[in-house]
Amino acid sequence: MNYSWTVLVLTVTVSFNLWSFTLNNNVDAAFDSEEVSINLSSSSTCINTGKSTSQILGYLEKAIDEFWNTVPTSNLRLKKGTLVSKGSDFESDPLCQGGINSPCTPNGGLTVSDGIFIACNDNIVNFASTSIAAATLTNNIEGTAIKGALILLNDRTGSQLASLDDGAFISVIAHEIGHAIGLGHSPEKENLMYYSTVTKRESLGWDDIEGTTYLYPKRDKLFGLIGCAPSGFAERDPEITGEAVISPSHLRVTKEMEKNETISALFSLLLGLLAMPFIIITLQKIKSRK
Amino acid sequence: MLKELQGFSVPITFFLKSLCVLFLMVLVTDGQSKTKKTWAYDEHSGEAEERDNDLDQKHKSTYEKEFVPYMHNIGLGIGTHSPFLGRVQVDDSGTQNGLELNPAFTLSSMFHLSEHFAFTPSVSYIYSRNNAVDLTKKKEFNFKADLSLILTTGIGPFHFLFSPGLYLTRISGDGGETTLKNGNATESFYLPKESSTAYNFSTGIGSQWYPFQNWSFKSTLDFFNYLEPDNLRYSLTLTLNWHYVDPSKMWR
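Heads up: the sequence lines are chains A and B, in that order.
So for the first sequence, the numbering used here puts the first residue at 104; every next one is plus one.
So for the second sequence, the numbering used here puts the first residue at -9; every next one is plus one.
Hints listed in this document are in silico derivations from the structure and should not be mistaken for laboratory results.
Note that this is a predicted model, so its numbers are computed, not measured.
Treat each hint with caution, since some may be false.
Subject to a maximum C-alpha distance of 27 angstroms in a straight line, what follows is the list of computed DSSO-like cross-link-like pairs (lysine-lysine) [stated by the list, open to error]: (1) A:K165 <-> A:K292; (2) B:K171 <-> A:K303; (3) A:K292 <-> B:K183; (4) A:K250 <-> A:K189; (5) B:K127 <-> B:K183; (6) A:K165 <-> A:K250; (7) A:K292 <-> B:K171; (8) A:K189 <-> B:K171; (9) B:K127 <-> B:K171; (10) B:K171 <-> B:K183; (11) A:K189 <-> A:K165; (12) B:K129 <-> B:K183; (13) B:K127 <-> A:K292; (14) A:K154 <-> A:K189; (15) A:K183 <-> A:K303; (16) A:K165 <-> A:K183; (17) A:K183 <-> A:K154; (18) A:K250 <-> B:K183.
Full structure from sequences and hints, please.
Below you can see the structure in the form of structure tokens.
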């Protein structure tokens, strides 16, 4: 009987799934703030995307809440911003100097100083085809820290964005946010960071989760409370130096957090403290018996 | 079905908090009550009998002694770990993940704190999914501090577990580039070149059944973000455990 159970467990545990995430720059860059705001250009008409700016803000909120803010192993918290005016260049200019080919030299006129900025853009160099839904560039990287990223939605006449339903539009924005926070494409369809839209997008895939965890690892605040966290605890080793090479990315069309984290940490600390006497007593008793 | 549980996140969170408080209250009460009682051993039959000090002073046995917490066993386990059930997309039609098959290896030791409670610290290594060509690697460790309520049943001891823990998720890569589709062309994307570790506290409930003295089945459902009802996540671990039990302290 025992034997057959053992065989069953061994059999079911030797299967593996496939996974691999990529990054859109060669320095493993990530935002150095745990909370990143995403603003939308107020001057964008977005007329050819088929959506108004208020609709896009609504989609943005869902893209944040239903996708990127759901990773349990990540500290990253994205925040829906507001309509912000940054000038008409963002609606018409190219992302990269001298074309969109990689490696991209960011167009200095479109540098985003802080956070993530979304604009509707009709530049033919950015969008050689109407089937390209959007393009994103982390165009402000200092060392290994992303300071700003720009997301452009295809606002050319005939843009296939206009044909997308709400769910697909949300997943397009969520995909571009993935690039903005430093992720590259994934080779597997189940992941949001796949290069193309898919039949139905309900949640993140494993590559998306692992990638976000890699760039923004969760740091439970309990360690800070009990004072045993070394400096830089749970952060990535900052060994990488040199100028970032950035890949421009395209997608093809086919809460009250801090309060809760503190409560969570106190709750965990309380549990630990309550368990400690039992451990000590037990060890003492064992010792005394000897 | 698991995703539908998400709608019950608030009551589940409340239940977990209440369970934690209840466990601790019962444990403390149980600890206090045992100070008033003694364990009397009949040297002929080998049977143990619980007696009340206040009512049974005259019958104290020469061999009478207080209940002393002791290490009952050391366990080795193998099983499977399914993280974030029902919340990860696994194909392009929107299907969410169910039971996954990530090998888990566990080392544990059980301490009897009282007649009905045990404390079982454990450490597990979870060998997570790897890319077919080893582009990136993920390793998980979890450290648990299980409190067990022990029930004796006709089919062997049954432990009901309250299981707080710490998960360490380590992701690393060797760097390099890979070419993937990008829009209507292809593009070079970069692979991680560092390592990164995430730390998550969890709380969980579970059960452990000892059909035989040296073997047990353990199932644990761990909750992450348990104070954020909208963002609650569940992970299931199933293990088969072999226990080394010191014959002189064999649990009846």
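Evaluation of the provided hints:
1. A:K165 <-> A:K292: 21 angstroms, holds
2. B:K171 <-> A:K303: 20 angstroms, holds
3. A:K292 <-> B:K183: Within the cut-off at roughly 24 angstroms; holds.
4. A:K250 <-> A:K189: Distance of about 16 angstroms is within 27 angstroms: holds.
5. B:K127 <-> B:K183: Holds. K127 (chain B) to K183 (chain B) sits at ~11 angstroms (cutoff 27 angstroms).
6. A:K165 <-> A:K250: 23 angstroms, holds
7. A:K292 <-> B:K171: Distance of about 12 angstroms is within 27 angstroms: holds.
8. A:K189 <-> B:K171: 31 angstroms, violated
9. B:K127 <-> B:K171: 23 angstroms, holds
10. B:K171 <-> B:K183: Roughly 21 angstroms separates the two Cα atoms, so the pair holds.
11. A:K189 <-> A:K165: At roughly 24 angstroms apart (the allowed maximum being 27 angstroms), K165 (chain A) and K189 (chain A) satisfy the hint.
12. B:K129 <-> B:K183: 16 angstroms, holds
13. B:K127 <-> A:K292: The given pair, whose Cα atoms are some 20 angstroms apart, holds under the 27 angstroms limit.
14. A:K154 <-> A:K189: 20 angstroms, holds
15. A:K183 <-> A:K303: 24 angstroms, holds
16. A:K165 <-> A:K183: 9 angstroms, holds
17. A:K183 <-> A:K154: 17 angstroms, holds
18. A:K250 <-> B:K183: At roughly 21 angstroms apart (the allowed maximum being 27 angstroms), K183 (chain B) and K250 (chain A) satisfy the hint.
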